[in-house]
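Colleague: What follows is the residue order along each chain.
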Amino acid sequence: MRIPRLLGVAAALSALVVGLMGFIGLGATDNVAVINGYPVITADPATASDWYDTETMYNLYSPLVYPAPEGGVRAHLATSWEPVGGDFTHWRFVLRQGVKFHSGNEMTAEDVAFSMARFIAMGRGNSGPLGKVNAVAVDRYTVDFVLDKPSAIFPEVLVLFFPVEKAVVLANKKAGNYGEFGDYGEDWLTTHDAGTGPYQMTSHIPGQRLDAVRFAGYFEGWSNEGWGPDEVPIEKLVFIMETDYTTLMTLLKSGGLDLEINGGWTLPQLQEIQKDLTLAFSSVWAQNVTVWMNSKVAPTDDEHFRKAILYAFDYESIVGPWMAFGNGETGILLPNMPGYVPIDPQPRKQNLERARQELALSKYAKDLKNVKVAFHFCGGLGFEEEVGLQLQADMAQLGVTVEVTGPPWPQYSAECSSPETTPNMTIFLFGPQSAPTHDYYTYAMFAPKGLGWIFEAHWFFDDPEIIRILDATRAEPDAAKRLALYEQVQPLIAAHALAFYPYQKPTLFARQAYIVGPQETIVFIGPSENMHMWRINLKAKEAMGR
Amino acid sequence: MAKYIGLRLLQSVFVLFGLSLLIFFIARVVPGDPARQALGLLATQEQVERVREQMHLNDPFPVQYYYWLRSLLHGDLGVSSYTRRPVTTDLAQYLPATLELILFATLISFIFGQVTGVLAGYFRNSWFDGASRLVSYLGIATPAFVIAILLLFVFSQVLKLAPGIGRIPIMMQAPPARTGFMIIDGLLAGRPDVTLTALKHLLLPAFSLSVIHIAQEGRITRTSIVETMQKDYITLHRVHGINTRRILFKYLLRPSIIPTVTVMGLDFAFLMSNAFLVETVYMWPGFSRYAMTAMLNKDLNAIVAVVLVIGVTFALVNLLVDVIIMFLDPTVRLRQGGA
Numbered sequence: 001m002r003i004p005r006l007l008g009v010a011a012a013l014s015a016l017v018v019g020l021m022g023f024i025g026l027g028a029t030d031n032v033a034v035i036n037g038y039p040v041i042t043a044d045p046a047t048a049s050d051w052y053d054t055e056t057m058y059n060l061y062s063p064l065v066y067p068a069p070e071g072g073v074r075a076h077l078a079t080s081w082e083p084v085g086g087d088f089t090h091w092r093f094v095l096r097q098g099v100k101f102h103s104g105n106e107m108t109a110e111d112v113a114f115s116m117a118r119f120i121a122m123g124r125g126n127s128g129p130l131g132k133v134n135a136v137a138v139d140r141y142t143v144d145f146v147l148d149k150p151s152a153i154f155p156e157v158l159v160l161f162f163p164v165e166k167a168v169v170l171a172n173k174k175a176g177n178y179g180e181f182g183d184y185g186e187d188w189l190t191t192h193d194a195g196t197g198p199y200q201m202t203s204h205i206p207g208q209r210l211d212a213v214r215f216a217g218y219f220e221g222w223s224n225e226g227w228g229p230d231e232v233p234i235e236k237l238v239f240i241m242e243t244d245y246t247t248l249m250t251l252l253k254s255g256g257l258d259l260e261i262n263g264g265w266t267l268p269q270l271q272e273i274q275k276d277l278t279l280a281f282s283s284v285w286a287q288n289v290t291v292w293m294n295s296k297v298a299p300t301d302d303e304h305f306r307k308a309i310l311y312a313f314d315y316e317s318i319v320g321p322w323m324a325f326g327n328g329e330t331g332i333l334l335p336n337m338p339g340y341v342p343i344d345p346q347p348r349k350q351n352l353e354r355a356r357q358e359l360a361l362s363k364y365a366k367d368l369k370n371v372k373v374a375f376h377f378c379g380g381l382g383f384e385e386e387v388g389l390q391l392q393a394d395m396a397q398l399g400v401t402v403e404v405t406g407p408p409w410p411q412y413s414a415e416c417s418s419p420e421t422t423p424n425m426t427i428f429l430f431g432p433q434s435a436p437t438h439d440y441y442t443y444a445m446f447a448p449k450g451l452g453w454i455f456e457a458h459w460f461f462d463d464p465e466i467i468r469i470l471d472a473t474r475a476e477p478d479a480a481k482r483l484a485l486y487e488q489v490q491p492l493i494a495a496h497a498l499a500f501y502p503y504q505k506p507t508l509f510a511r512q513a514y515i516v517g518p519q520e521t522i523v524f525i526g527p528s529e530n531m532h533m534w535r536i537n538l539k540a541k542e543a544m545g546r
Numbered sequence: 547m548a549k550y551i552g553l554r555l556l557q558s559v560f561v562l563f564g565l566s567l568l569i570f571f572i573a574r575v576v577p578g579d580p581a582r583q584a585l586g587l588l589a590t591q592e593q594v595e596r597v598r599e600q601m602h603l604n605d606p607f608p609v610q611y612y613y614w615l616r617s618l619l620h621g622d623l624g625v626s627s628y629t630r631r632p633v634t635t636d637l638a639q640y641l642p643a644t645l646e647l648i649l650f651a652t653l654i655s656f657i658f659g660q661v662t663g664v665l666a667g668y669f670r671n672s673w674f675d676g677a678s679r680l681v682s683y684l685g686i687a688t689p690a691f692v693i694a695i696l697l698l699f700v701f702s703q704v705l706k707l708a709p710g711i712g713r714i715p716i717m718m719q720a721p722p723a724r725t726g727f728m729i730i731d732g733l734l735a736g737r738p739d740v741t742l743t744a745l746k747h748l749l750l751p752a753f754s755l756s757v758i759h760i761a762q763e764g765r766i767t768r769t770s771i772v773e774t775m776q777k778d779y780i781t782l783h784r785v786h787g788i789n790t791r792r793i794l795f796k797y798l799l800r801p802s803i804i805p806t807v808t809v810m811g812l813d814f815a816f817l818m819s820n821a822f823l824v825e826t827v828y829m830w831p832g833f834s835r836y837a838m839t840a841m842l843n844k845d846l847n848a849i850v851a852v853v854l855v856i857g858v859t860f861a862l863v864n865l866l867v868d869v870i871i872m873f874l875d876p877t878v879r880l881r882q883g884g885a
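As you go down the protein sequences, you meet chains V and C in turn. Numbering follows our numbering, in which position 220 of the first sequence is assigned residue number 220; successive positions increment by one, without gaps. Plus 546 on top of the position in the second sequence (first one is 1) and you've got our numbering.
The following block holds chain V by itself, in its conformation from the complex:
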């Protein structure tokens, strides 16, 4: 037996393998958009909680009120609302008539009241900020909400409340923990929808893929006003859930992905996309890169020490290469939010002299050699680590040691459950995912009754004036007066140097050039990812051979 004969066997096997491959093509130009979102687990509005869940909600369901581009909220499923009485514990909403669920049935106050009762009873998802709410259908198109505590901002919180169709949910309930309501249809709603949104779910494999088709009966209609002649509504959406951006880049370049809505690209990937004329970016909202400084553990318990960190950090170095993509200055609020007040340091440059002065005033001034600052980032996130390493280099110039560590997310987030276990410094990205957005970046992060945990890892609630103003924001029904309060509170918070804000990181939606949108810029996670605000140019798609 000779080698060539046995090699022949291997060659034949190889030929079989290559033969199986064949040429792969995706077929003719279809009116379909393949969109990548992070793994959507639940399609149930009562349990949806993360931002990618919210993106899905805005496609399958409709909120009672809609975030407005200029801030605040505007009519949507509800056409008007007003407080009943003067203490903001009782709100009346008038519903739009003729809104159709995907089943074809009309939405009524009974559905809205049921949905709120379900939302509160299940007590998960985004229901936390609502507190206890009792909902009553007054007539076919009027619903009353009675709250357990006064809230002047209640209508704005409802941008994350998505009514479901009562009859459909009850028809599909299983045995469960909610008495006569069984499981409140939770199991069924994981893989089906009962909404009024612009798209209707056709299938859902949690964490893997969600398919939806355009709902022709969507109450806002599908007018092409404001769009180009060849830009038409997208008929079918395929949400895929991939977190590996190398794979996503491959897909995007090969035409297998039309739109990516989570923006986790690295700098080289962004530069590569920018060079490709068949691809483009859309950017609507940004994430506030926030580094909390724990005010309850040494050495960051000293206000002067915290201020030294603020001035020692080299903002320009860290932002430099990202500037081409819009990353820039930020503060307690995002700069594109009305009422944004720039905070120290101004200008945003490293000021080592000022840092030394602050250090000299701190109680640790005489023992800097023995001072160690623990900086924790979420393991695996390179851009967070970069901030830590930059700070490490900057503080070394002042003789202070910064230890940079990246534990995995479960450990990292668990550390922030109490002041004692929270490291000196922790870095997080906060996108506008809870409403009102101003409240999210202020009350939720600086009031003792805020969101706690990673949202308040500074653990500073010692300034009664800050707390008084923050409480006043929730009691103020007038939007303009409330905005004035937000402007007033930002410098007060900043004066304690509880965090430093290296930059704001825009979320860049990479897309094929033939996908256009969003039509409106709404600084909130979800509304801009509502594909009703996007169109597809099929002629351009065909011309690109996709």
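No lab work stands behind these hints, which were simulated from the structure alone. Virtual Cβ for every residue (Gly too), placed ideally from N, Cα, C. It is possible that some hints are incorrect.
Far from chain C, some chain V residues (derived; all Cβ distances over 12 Å) [as the list claims (entries may be wrong)]: (1) R140; (2) E220; (3) D301; (4) M323; (5) E465.
No more than 27 Å apart at the CA atoms, straight line, and that leaves these computed lysine-lysine pairs for BS3-like [stated by the list, open to error]: (6) K366/V with K149/V; (7) K372/V with K349/V; (8) K706/C with K253/V; (9) K236/V with K449/V; (10) K174/V with K100/V; (11) K100/V with K236/V; (12) K539/V with K706/C; (13) K746/C with K253/V; (14) K275/V with K296/V; (15) K236/V with K746/C; (16) K796/C with K777/C; (17) K253/V with K296/V; (18) K706/C with K275/V; (19) K746/C with K706/C; (20) K481/V with K449/V.
With beta-carbon atoms standing in for the labels, derived distance ranges [as the list claims (entries may be wrong)]: (21) L556/C with N172/V: 40 to 48 Å; (22) A393/V with Y683/C: 37 to 45 Å; (23) L615/C with W322/V: 35 to 43 Å; (24) L696/C with P448/V: 51 to 59 Å.
Starting from the known structure of chain V, fit chain C onto it as the hints suggest.
Modeller: Frame of chain V, contents of chain C only:
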């Protein structure tokens, strides 16, 4: 034989019980609050506490284990705090995808490993032996995910000879999941196009996974062939003029294959838990990726279930390997009391 298999199965039950106990406690002492992970960012502390109660997380460990074991005996592995579905539903969805992938990878590694090993051993110190040694070292030294990315780039991106990601194209309608194996489900649904497409989609990820095993199994087979060729009975057959093909396939290959089969059993279980990088590169909706997600989200029920499934697979595959070796090697058969 039946007694031997029964005894091995009984031993496996005890091993799996110990494994479940160990992983149950390890999963709970790893830092992180599963209730918080399950509820998402905006949950209030009150909501977190309520879910902790529902998940029995405030109970002592033995009580938690009791609840879990009681459910397990009723075929209930609990609900995943991440996917919010029964873990059994998740396993039914993800496990077949990975089994299909690694069965295919094992087949590829067996065929190519044997061919190269036999050739290299039979023609030892030839140019082929040298070349296969070099390629083997490269294969062993290169991580599977690097190979995965390279293959994806070359065959899918540049040459456009193979599909890039997933089990079938995004736009292709999947057949009803009867077995979870796309190749079989395509045939059962009368959709040979799905079967053929699924086979195409299997090639690159399966080959990526199999490269290291082709290299390992090739080297082991080569060594085994070389050793066997030096046995007296092979020399005797040569002297008696028995033709080369008969010597190779009847007297040389059979004893030489035994170490490879043993290694293949270990490789199979290894792939179950280590395929996640390749599954990630190819967007393969598999068990290994699910396992990694469970770990990162401190999904307690899923973690324990994943470890148990790997444990069961390991036990069953090793049992199967032992049985195969009993057939291949009469001396083992005789030692176990069966002739």
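Colleague: Against each hint, give a clear statement of whether it holds in the structure.
Modeller: Each hint tested on the structure:
1. R140: Label holds. Min Cβ-Cβ 32 Å, cutoff 12 Å.
2. E220: 27 Å, holds
3. D301: Fine: 23 Å to the nearest Cβ keeps D301/V off the interface.
4. M323: Nearest chain C Cβ is 29 Å from M323/V, so the label holds.
5. E465: Per Cβ check, E465/V is outside 12 Å of chain C; nearest 25 Å; holds.
6. K366/V with K149/V: Violated, at about 50 Å.
7. K372/V with K349/V: 24 Å, holds
8. K706/C with K253/V: 13 Å, holds
9. K236/V with K449/V: 43 Å, violated
10. K174/V with K100/V: 25 Å, holds
11. K100/V with K236/V: Answer holds: K100/V to K236/V is near 19 Å, not above 27 Å.
12. K539/V with K706/C: 24 Å, holds
13. K746/C with K253/V: Holds, at about 21 Å.
14. K275/V with K296/V: Violated - the C-alpha atoms of K296/V and K275/V are around 48 Å apart, more than 27 Å.
15. K236/V with K746/C: Given pair K236/V, K746/C holds - Cα atoms ~26 Å apart, limit 27 Å.
16. K796/C with K777/C: Given that 27 Å is the threshold and the Cα spacing comes to 14 Å, the pair holds.
17. K253/V with K296/V: 49 Å, violated
18. K706/C with K275/V: 22 Å, holds
19. K746/C with K706/C: The hint holds at about 12 Å.
20. K481/V with K449/V: The hint holds at about 22 Å.
21. L556/C with N172/V: 40 to 48 Å: 44 Å, holds
22. A393/V with Y683/C: 37 to 45 Å: 40 Å, holds
23. L615/C with W322/V: 35 to 43 Å: 52 Å, violated
24. L696/C with P448/V: 51 to 59 Å: 54 Å, holds
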